[in-house]
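**Student:** For reference, the chains in residue letters:
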Amino acid sequence: MKATSPNEAVIFFAGDSGDGIQLTGGQFSETVEIFGNDISTFPNFPAEIRAPKGTLFGVSGFQLKLGSVKVFTPGDQYDVLVAMNAAALKTNLHQLKKGGVIIANTSGFDKKNLTLAKYENGTNPLEDHSLDNYDVHDFDVTKMTQDALVDTGMDRKEIERCKNMFVLGFVYWMFNQDLKYTINFLTDKFKSKPELADANIKVLKAGHNFADTSETFTSRFSIKPAQLPKGHYRNVNGNQAVALALVAASKKSGLGLFYGSYPITPASNILHQLSRYKNYGVKTYQAEDEIAAICSAIGASFAGNLGATASSGPGIALKGEAMGLAMILELPLVIVNVQRGGPSTGLPTKTEQADLLQALYGRNGEAPLPVFAPATPKDCFKITFMACKIALEHMTPVMILTDGYIANGSEPWQYPESKDLAEIKPPLIKERQSDDHFLPYQRDKNLVRKWAIPGIAGLEHRIGGLEKEIDTGNVSYDPDNHEQMIKIRAEKVEKVAEVFPDQTYEQGSEKSKLLVIGWGSTYGAIESAIISLKEDGHDIAHVHLRMIHPLPSNLGEILRHFEQIIVPEMNNGQLVMVLRNKFLLPIKSVTKIKGVPFTVQEIKEAILNQLRHG
Amino acid sequence: MDKVADPKSYTAKDFASDQEVRWCPGCGDYSILNQVKKILPEIGVARENIVFISGIGCSSRFPYYTETYGMHSIHGRATAIASGLKAANPKLDVWIITGDGDALSIGGNHLIHLLRRNFNVNILLFNNEIYGLTKGQYSPTSPIGKISASTPQGSLDYPFNPLMLALGAEGTFVARSIDTNPTHLRETLLQAHNHHGASFVEIYQNCNVFNDGCFAPFSDKGIKEDHVVMLEEGKPLVFGADLNKGVTLDGFKPKIIELSNGHTPEECWIHDPTDRIKATILTQFFEYSAEPGALPRPFGLFYQEERYSYEDHMEDQLKQADDKNGAGDLDALLSGPNPWQVA
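Protein sequences appear in the order of chains W and E.
Going by numbering that gives the first Met the number 0, 347 is the number at position 348 of the first sequence; the sequence numbering is gapless.
Going by numbering that gives the first Met the number 0, 106 is the number at position 107 of the second sequence; the sequence numbering is gapless.
Chain E with its partners taken away, still in its complex shape (with noise of 0.2 Å):
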């Protein structure tokens, strides 16, 4: 272990701990560790303030990868840990680490509670629609009709929507991107780590093993200009290869326009973070995109609103008890309002 640093004097490699990082050969996990490990340095967080927690999964596997406190607990309990975690100490600044079956699946009931109460957390939702540690069963992001280890004839579920879930639990911090576009990928865990309140990032992941290019049509260069939209606040979602194509709205259903046809960008949807039922809308792309000639798939900040974080509330209930009556005295407690004496 080296010295201890000055957070302002960090670098990537003061994050990397003595552990051999051991996800398959191109895995998309690096991508998403790398890029982590690039903004810590930048976060201004002393490292021993940093905790990572997992539960189980590939992803999960990440707190052993970084020189900060860490924890890889259980199956979907990742975000009831946390929860426990900032509650006690609101100081530490806290990263969850999980995937869409540790999240979705086993762990859905925690995570949406975690959203709505708004813990000052940041969630990176590692998805790559299958499960890869179990070697292969189809997941609550699989599409319908899924092929997989215990789906011989397709999976018979309709799939989740990641960001619409997040957003219907309350999410105040809502965001995509990809594990191929780090650039993108930096800029979110940094919007995510800055915004105060429960941040939900989504990372689409190729698991290059067991469900390899699920998502090139947004990370493969040729085919992506015209499956993917760049949201950028105050910007109108143009995309296309010539960034000729945008998208407008008609009443509550978004449709695409030729630019090229005499329309201008500024006839597009110009992006809003702060419009809920825009952001709603947004999240709904996903459900036309099988279809060819479809919405783009929309990657950045989604939606971000500025709520009181439970452990706030938390601490000021403390506060406000202890102005009231006074901090407590322990044997005042343990005689209670009523005791006596016997002779």
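In isolation and in its complexed conformation, chain W is listed as follows (with noise of 0.2 Å):
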């Protein structure tokens, strides 16, 4: 037996819709997580709830990259493929490393799904000796499944339903890791049906057994921890960090929370997670439609809680009326977009950053607000509290925009503790100051307006989306005033970056060679782009934007150091375009709009080209 301590290692797990590949995803995730690695992970699945099985558009997967070091994203290229059927097998060996290892079930090579995955005549890939280069290992797990569980009884859909765990203790064995934590999973969410979870544990335990006593088998992982900074972590998706940060808000700021959406991918989930917060006092609103998910929020905005929607695309599209509404009332309200491929549907799986335009001017006249982007998933709290606190202290909407591979993919997070996070201080009036009129748009030295809220004495006054008077907020069709007006609430939210930290560069300084400017979920391929490269003798400079609208105070500066600027990003080129038109610097773009992240290799070559030619 070969054992190989990497220091990094990627798996891949792929299989039909139906498989249970994300369950088993996240249960590999989270072992590996708590026995010290660091890690980076990307689902990756089909729009269709339950493709027709065996077929090459129902692969579902779910890919990890673990490492003892510091893990940026979830791999180029995968060490370990799991094929629960040939159609898994197909789509995903191109990216398979050579000499990579192929764990494959056999029952899922049978004539029909070899036809269904497209192999020609037939064929057997497991049998042509195509995969020679390949350390393959192929075994029957649904019949191994269905001889561990022969006496419980169990009906054979059951059975084959805990296949996926029979792979899982394959993979835990040559991972060297232990079961405990699936273990205790699995008798947690079999609570009520004690049997059903006696039968995943055999099978998981008989999965590890078989690897362990398996002669066929040569290559084990042994991978050791990372050295992480010390503390309490715990593992974290995009989706989820995001509706933690709004609780967090809500509650450093003493206000409600009012989450009001429309079911849409990859969004829904945030939805899903808050309405299980109802003993934090969150208030979540399935609403008949996109249009009326945000209006609720603002409603619930006026009323005086953290209102908050989120979307994505083509439902932030829906929203735009609403924003503007939003801004004009200068209400706080925190809108999300976990951004999908588009145009209109699109691809609503896959992700892509294509709606920075539109959320920097998708909205009729001048209606700036802040736009901000997380860059990974941990980041997605982070970014998320901050947004809130600037929509709430700045009463202004805030974009933020996340995207479905940040939304869905997971990492280890530093979990802050409640007392740590900032206070939040909305400018409310809590009574009547004076006897004279409440000026509802009179305003501080940032320009931000007071918030009364519907129920305190003396302080009645009318709000709308018509052009207001300065001060009063009456309504006023004076040509001065609106000029005006537009001028104060664009300066209002320009004054954000004042309070915004400065930009800091993630990699190199203001003497690296060249600059790359990211925003999103770009981070990790950038950031081991650039790591890599330092290995080879290049110095780069990395700046990633976590506030795009305003950009950062200190950006202009920044820029000013470098002769080469390029500016990779998962669309045709949008946020090169506001950077070479806020600061005339001949940036370069470098897109990619295929649905999936950028490889690292891919930035790399970016970097490594412009370098060469300039």
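Please note that a few of the clues may not be correct.
[What the hints assert, rightly or not] Computed footprint of chain E on chain W; a stretch qualifies when at least three of its residues, placed anywhere within it, have a C-beta under 8 Å from a C-beta of chain E:
hint: 1; segment: 244-250
hint: 2; segment: 255-263
hint: 3; segment: 276-286
Keep in mind the hints are simulated off the structure, nothing from the lab.
Backbone N, C-alpha and C define an ideal beta-carbon position, used for all residues, glycine too.
Using the hints, put the two chains back together into the complex; each one sits in its own frame.
**Tutor:** Shown next, in the form of structure tokens:
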């Protein structure tokens, strides 16, 4: 037996949508995290809930990189590919490293599966020597699962559902991992049906034992724990982190959280999660459509709640008019856009960053609002919390752009203690302060108006979507007043840059040869590429924007240090347009619009290409 | 602004804002605004707890004119905004001011969903069968063939019957009134306010600029007597100048009988606003009334039922979650169920 101890490894679980691939991947992730590895995951599944079994388009995948070193991305290529059927192998083999490990369930390679996976004349790749350059472990998972459960009296269908545990047990052995975490998970999950817990645990152990005793097995991974900073950790994905930040902001501001939403992939999980936090005073409202979702949140904000909504591209398009209303009302509101492939319905389960210009400009009239972009799953907490604070303290709607990649991808998160989170102090007026008429649009030095919520005697006032007179908020058609109000509202948003942390370098410095500017989920690929190039002697700087409107105050100064700047983004060149326009610099664009994230290799090549050709 | 008043001592004047009312002279909206301001002192709600939410249209300027909290929002969305407002703070007394275009065309979806959810709010739909603010296009309640700015040869749309729509959307309080009958309007508004649940009041409102006289058969003396039947609980459906006509039911079909012909009011249909089937038939008097000698148009409360409101259910669920799990602890939430320590 050969045991390898690399710094990191990438495993990809693939099978039918109904094979429990996401659960298997999730369990493996959490087990290795608790063991101490750093990880990054990327679930990738079809838009269809249960696509026809065995088909190429029905393959669901879960990618995970684990390391004893810091892990930034789920990896470009796999070390291990778990293929529950022929289609899973066919669609993913091209990303397996030469000599990589294939774990295949032979019962998923019968004639029917081979035909569905479009293997010519039904040739079985497990038998035709086409995989000779790989380390193939094929065995009948289905049959061994049945054998393990023969005495339980469970029916075929129930037994079939346990087979992912066999594979998981097998993989645990391969990676030297303990079964304990998953055994506890299963015991808890099937609390009311202990016979199902027993069956799953039995199969999990059977898979583990099979790997241990199987003579054919030659490679085993032994990845040491990573040197993560001391502290308390948990696993978190981007959507979870957004939901947690909304609750945290509600608690730190002392305001109720109202979340109005309409189901849409990949944002729906935020609604699912928040709906379970009722004992935190969270009110979730599944509205009749996207427009009602944001409007209900505006109504709740008017009532003095932290109003929030989330959607994805097409849903955000529908919310545009109401965002303009919230903007002119100057009410706090948090809008999360979990971006996906567009235009229109586009690629619902795939990732993209093509809604940036929509976020910046997608409203009628002059309607700027702060736009934020978390870089990683755990960053979703920090940035969302900060965005909530700015919305509440600056009386403005804000938009947060995440995407399908970081929304579903997960990593270890050193979570904060509530006492260490910043206080949030919205400009609420608790009672009438003078006998004078209350002026709802009078402003402080940050141009922020006061927030008087219904229920306070003497502060009765009316707000609306019509242009307002300065200070009084009365309807005004005065031309000079309109121009002034447009500028005041814009300046109020610009002033957010004054409270937002200055832009820093992720890598490199002003002396570096070239600057890469990124935003959102491209963070991991850019970091990995630059670290790898550093090992080859290249000094490259990385700046990653967390706030795109207004841009950080010191960004212009940073940019002036560089002759070569590139902006990789998963769209047709949107941030680059904004930066060129603002700074009049010849910034180069690197784009990828394929529904999947940049690989590290792609970013490296883009940088080297720029260095070579200028 | 005057001093903060005790609800009991309010008068209509306490509800007038400092804004100049800018509807066209002679508009039916003035009458509705006046009646609303008159009943507000009677409902016993402190002024600061009252919120008027409107969408877009002539009627939607309403919130500017009341000294309460208010929002003039965007076209069709008052119902959606009011839903969130009421869910966030169930103690507020929420009034939605909308028109036939705002509520039934661009905002139709939100209206039906608010009704089925039964938020405890009051919806006043000012129906003038025309788009006024956009200068005279036909609306979803305009009769078929309506000549308007956008339909020179007559509109092709079959109109909505707003009350039938409200009943179909599971509305729990469905009523009709008219701007020219202030007494009836006040009574209806009070009833609507006192109903726990979504109160839907269609108010016929004359647009004297773009659709003058469209409700004349129901408002003009000497004509209306034959075209209007007032609905009162437990009372027979009688109408006519000398109350000489009545309505009976022949199976499910309403019929007019002459009371002078030996028929008595006791033979007539006795109004029961808790009878959903009959309420449905009443809303359909609409369909017949274009024909001469047709059924009269009913005014008053068509239907009312008690049903738990959305925000009550929501508060219950929050309380249940609290009782079951205890008040949420933020640190427990942040750590999640499976944290680990790196030493």
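**Student:** Are at least 3 residues of the segment 244-250 of chain W within less than 8 Å of chain E when you compare beta carbons?
**Tutor:** Per the Cβ count (3), the hint holds.
**Student:** Check, residue by residue, whether the segment 276-286 of chain W contains three or more positions whose beta-carbon lies closer than 8 Å to a beta-carbon of chain E, and give the verdict.
**Tutor:** holds (count 8)
**Student:** If you look at each residue in the segment 255-263 of chain W, do at least three have a Cβ nearer than 8 Å to any Cβ of chain E?
**Tutor:** holds (count 3)
No hint from the list above goes unmet by this structure.
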